[in-house]
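Q: These are the residues of each chain, in order.
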Amino acid sequence: MLTDLLKWGSKRAEQPSGFASPAAPRADEPVMVSKALPKFFNLLAPRSAPLLLDFGPVVGGNVEFYGERLGCKLFIEDLIGDVDRHARAGTTGELAASFKTRFRHADGTVDGILCWDLFDFLDKASVLALSQQIVRMLRPGGVVMGLFCTSGVERSTYTKFQIVDEKNLRCRSHNGLGGARRALPNRDIIKMFEGLNVSESFLLKNNTREMLLRRP
Amino acid sequence: MWKRDEAAKPTPAASGPAPAPAPAVGQPPAAAAELRTSNYATEPARAIERSAVNIGKSVVIKGELNGSEDLTIEGQVEGKIELRQNVLTIGPNGRIKAQVFAKSVVVLGEVAGNVTASEKVDIRDNGSVDGDIAAPRVAIAEGAHFRGSIDMQKPGGKGLEPKPGDVKPAEAKPSATPTAAVTVTR
Chain Y
1 MLTDLLKWGS
11 KRAEQPSGFA
21 SPAAPRADEP
31 VMVSKALPKF
41 FNLLAPRSAP
51 LLLDFGPVVG
61 GNVEFYGERL
71 GCKLFIEDLI
81 GDVDRHARAG
91 TTGELAASFK
101 TRFRHADGTV
111 DGILCWDLFD
121 FLDKASVLAL
131 SQQIVRMLRP
141 GGVVMGLFCT
151 SGVERSTYTK
161 FQIVDEKNLR
171 CRSHNGLGGA
181 RRALPNRDII
191 KMFEGLNVSE
201 SFLLKNNTRE
211 MLLRRP
Chain C
217 MWKRDEAAKP
227 TPAASGPAPA
237 PAPAVGQPPA
247 AAAELRTSNY
257 ATEPARAIER
267 SAVNIGKSVV
277 IKGELNGSED
287 LTIEGQVEGK
297 IELRQNVLTI
307 GPNGRIKAQV
317 FAKSVVVLGE
327 VAGNVTASEK
337 VDIRDNGSVD
347 GDIAAPRVAI
357 AEGAHFRGSI
367 DMQKPGGKGL
377 EPKPGDVKPA
387 EAKPSATPTA
397 AVTVTR
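Chains Y and C supply the protein sequences, listed in that same order. Mapping the first sequence onto the working numbering, position 60 (from 1) lands on 60, and the numbers just tick up by one. Every number in the working numbering is 216 more than the matching position in the second sequence, counting from 1.
FYI, nobody ran anything at the bench for these hints, they're computed from the structure. Note that beta-carbon positions come from the ideal geometry of N, C-alpha and C, so glycine has one too. Please note that the accuracy of each hint is not assured.
What the hints assert, rightly or not - Dumping the calculated EDC-like pairs for lysine to aspartate or glutamate here, alpha-carbon to alpha-carbon at most 20 Å:
1) C:Lys319 with Y:Glu64
2) C:Lys336 with Y:Glu64
3) Y:Lys39 with Y:Glu166
4) C:Lys319 with Y:Glu68
5) C:Lys336 with Y:Glu68
Claimed, not checked - Computed footprint of chain Y on chain C; a stretch qualifies when at least three of its residues, placed anywhere within it, have a C-beta under 8 Å from a C-beta of chain Y:
6) 324–337
7) 359–367
Make a model of the complete structure from these sequences and hints.
A: Structure, rendered in structure tokens:
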């Protein structure tokens, strides 16, 4: 009788494993603490229906988060997808030109841009073309958030950043080809975003530099 | 003999045809959960019990579709769909080429066109939306496909007064440029 009861109890304890949420954290998906992300959202929150551009791929949880936190108009541009397409087609040289014509937003109309770590995977010409577009689109008071590696890597996979909460980002692997990561020195970042001010810069424990840039 | 008798006894799990809910009672919890979730849209299913309106796989509608009941579309619709007070479900076989206005929209099939909902747009696994979405809440499942912009402005707004010179050029031509062409995969 007692053993039956114990068995019954153990079955009940095992039950939740069968109902595991697909969003449950995985060992290969580390969570990093972000210092810039809460500041990014705090800067956008007072704005009425801000226009937000996300340069990363579509992540359902992020879309919900933006909606709840900002009530924004969102454009998911998925530039990582563009980079990946060009890499697969061997037309990476055309990427810079495509950035010049890709965005339909008028000058000074965008409130916030999430670049994630996109710049690490771009060549010089593409970095310049994209940063010029960002400066063009950003409205006065608008804010850009970027993550920059501090040391280059020959080959690296792309990362999908999933917002766990305002301070934590889950780094999920992207099924793209990946590519070389180039470290951009601070002075180059400041130069390429001429017209914007560096509002915050954090060096995280994982050697990622988070930067917030604002248009005065 | 003993063994034969025991085998002949009907067990609860193998009691032959039983009333619909009975098998779940004899099942382990995981199996019961599978039964509960096997229906692709549990909530719309409940709605169908209330007022079942279904457009079947073989039905093709071209024109304007208006109504005041929850609706599930498994066929093809081209034109405009208006169910402003109700839930619209695009089933896995549904193919919509239309502007959609509803209280809530659940997408399991394909939608090409702008979707406006006063409550929520829910793009489920394998669902696809090619167009701009306007709704206060938007959920995009892993494995869903979405291409367009999302306007999640709360009705009445929550922030400051509109900014001077607040231009929204992005609203001009939905999906005219490749804003997002993404399949959400895990």
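Q: Against each hint, give a clear statement of whether it holds in the structure.
A: Hints, one by one, checked against the model:
For the hint linking lysine 319 (chain C) to glutamate 64 (chain Y), the alpha-carbon distance of about 18 Å falls within 20 Å, and the restraint holds. At roughly 11 Å between alpha-carbon atoms, lysine 336 (chain C) and glutamate 64 (chain Y) fall within 20 Å of each other, so this suggested pair holds. With a C-alpha separation of about 9 Å, the suggested pairing of lysine 39 (chain Y) with glutamate 166 (chain Y) holds against the 20 Å cut-off. For the hint pairing lysine 319 (chain C) with glutamate 68 (chain Y), the CA-to-CA distance comes to about 18 Å; that is within 20 Å, so the pair holds.
Straight-line distance between C-alpha atoms of lysine 336 (chain C) and glutamate 68 (chain Y) comes to about 12 Å, which keeps the hinted pair within the 20 Å bound. Taking a C-beta to C-beta cut-off of 8 Å, the segment 324–337 of chain C contributes 0 residues in contact with chain Y, too few for the three needed, and the coverage statement is violated. By the rule of at least three residues with a Cβ nearer than 8 Å to a Cβ of chain Y, the coverage given for the segment 359–367 of chain C holds, with 5 such residues.
Hint compliance for this structure: hint 6 alone is broken.
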